[in-house]
Amino acid sequence: MYDIIIVGAGPAGLSAAIYGQRAGKKTLVLEGKQYGGQIVMTPEIENYPGIPKTSGVEFATNLYQQALNLGAEILMEEVLEVLNEPVKSQALGIEKESGGNLTTAECRPSRKLVKTSGHIYEGKAVIIAAGATRRKLGLENEERLTGAGVSYCATCDGMFFRGKDVAVNGGGNTALEDALFLSNYCSRVYVIHRRAEFRGERRLQDALEERENVVFLLDSEITAIHGETRLESLTVRNKKTGEEQILEVSGLFVAIGQQPDSEQFRSVVSVDEQGYIIAEEDCRTSAEGIFTAGDCRTKKVRQLTTAAADGTVAALSACEYIG
Amino acid sequence: MAAVHVTSETFEREVLQAEVPVVIDFWAAWCGPCQMMAPLIDGLSDEVSSAKFVKINVDEEQEIAAEYGIMSIPTLVVIRDGKEVKRSVGLVSKQDVLSLLD
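If you read the protein sequences in the order shown, they are chains W and G.
Following our numbering, the numbering of the first sequence begins with 193 at its first residue and continues without gaps.
Following our numbering, the numbering of the second sequence begins with 5 at its first residue and continues without gaps.
Worth flagging that the hints you see were computed from the coordinates, not collected in a lab.
Even glycine gets a Cβ: it sits at the ideal position worked out from N, Cα and C.
Hints should not be assumed to be uniformly reliable.
The following residues of chain W were derived to be distant from chain G, with all beta-carbon distances above 12 Å [claimed, not checked]: (1) V342; (2) R391; (3) E465.
Only some residues are given here: those of chain G computed to face chain W with a beta carbon under 10 Å [unchecked claim]: (4) G73; (5) V89; (6) K90; (7) D100.
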C-alpha cells in the first residue's frame, strides 16, 4: 500500500512526488508513456524562474532524476481507472476505543485503487496529474495526413520541411514558438490565427515580426486540408471578409491549444464541459482524498511554473489528508 | 542487448535479411520525444527476443528515411521478411510498441 499514488510523470506529477517523498510519504508515480509530459516537445525554455535557459528534455530529465533520487517509485504503466471504493465503517469502532480525534484519512469512507492494465495499486490518497494533449482541428484529411505533412510537434518534424512552405495554426505561445523555430529552416511560414491579435508573449511576436519569411494571416481559419498521399494545400478563410484562399504548403503545424487527458477519471471526479478536472488552488477534487494537479485541472494559466505549484499544493494537501 | 544503430551500409543485412521481425526506430538528435523513446526501445531490445530493434538517424541516413517516406519523428516501422507491415507515428507507450508486433 502506498501513501500517495500519482497519475502522470509530467512536471506536476513529478513535483508532487518530490514534495510527497520529502514529507516522508511512500509515493508511487504511474506514467503511460514517458516522463516529462508535453514539455519534452519544447526545445527551449527561457521563462522558468531561476533557469535562464534549458531544453524540455533536459528539464524533464532533471525533474525525473530528482524524484527518483528522493526515493519515489516511478513505473511506466498506463492508468486505466481510479476507484474510490467505500469500505465498511469499521473506523467508527476505533473512535470509540481510543476516544481521540481521527485524521480525515482514518475516517475515510473509501479506499483508493488505481488500475493499470497489469496491476491494481492501493493508496491512501491519489493525485491525478494526467496533463493534456494538443487539440486537433477536426477537419477531414487531418488524421489521414498526420505524419505526412500534418504535425503537432514542430521541433520533431520541422526539419523535414527545410526550404519548404509551411503553415502554423494558433495564436498562443506554442504557435509563436513553433513559427519562430520553423522560420529557421522553412522558406516561408504562414501563421494562421482566428483572432485579430495573438495571445502569445510580446517578445515572441516581436521576434516573428523581424523574420522576413513569416507571413501573418490574422482573423483567419483553416476550413479544409488537401492532399493525396501527403499534404498539398489548405483552404484558409478570412473571417471578416469571407474571402477564401488556397495556401500551398507542405506542412501544417497545429498549435490551437489542448484538451485534458481526463477521460478515464470522469466517473470518479467532477469535470467541466471541456473535461478539465474541477478543483481550485487547493487542488482538491469533488472526491475526498483525490487531488488534481497541472494542465488537467480547471485553471487560467497553464505553464511549467503553475504545474510545479499544483504538484506542491496537491502533495501537501494529500499529506494533510493522510495524517 | 541495446538497439543496434543501422546505416545504409548495414541496412540490407540487419533489416531486410533479418529472420525475425524488425522494428525500426527513426529518430534525430533535435527531436525531444525521440530522446524519450530511446530508453524504451533499448529496454524492449533487451526484453524481447522474438523481434529485433534497430535505430536509424534520419539526418545521417536521409536516403533510407526518404525511401520509407518519413516526414515525422519518432516513427516506428515494422519490417517482416523485408517488407513493411506496420508503422506508428509519434511518442507511444511500451504496450503500443508491443501491439505493433502482434
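These are the hints, each one checked on the structure:
no. : hint : in the structure
1   : V342 : violated, 9 Å
2   : R391 : holds, 23 Å
3   : E465 : holds, 27 Å
4   : G73  : holds, 7 Å
5   : V89  : violated, 17 Å
6   : K90  : violated, 13 Å
7   : D100 : holds, 9 Å
In this structure, the hints that do not hold are numbers 1, 5, 6, in rising order.
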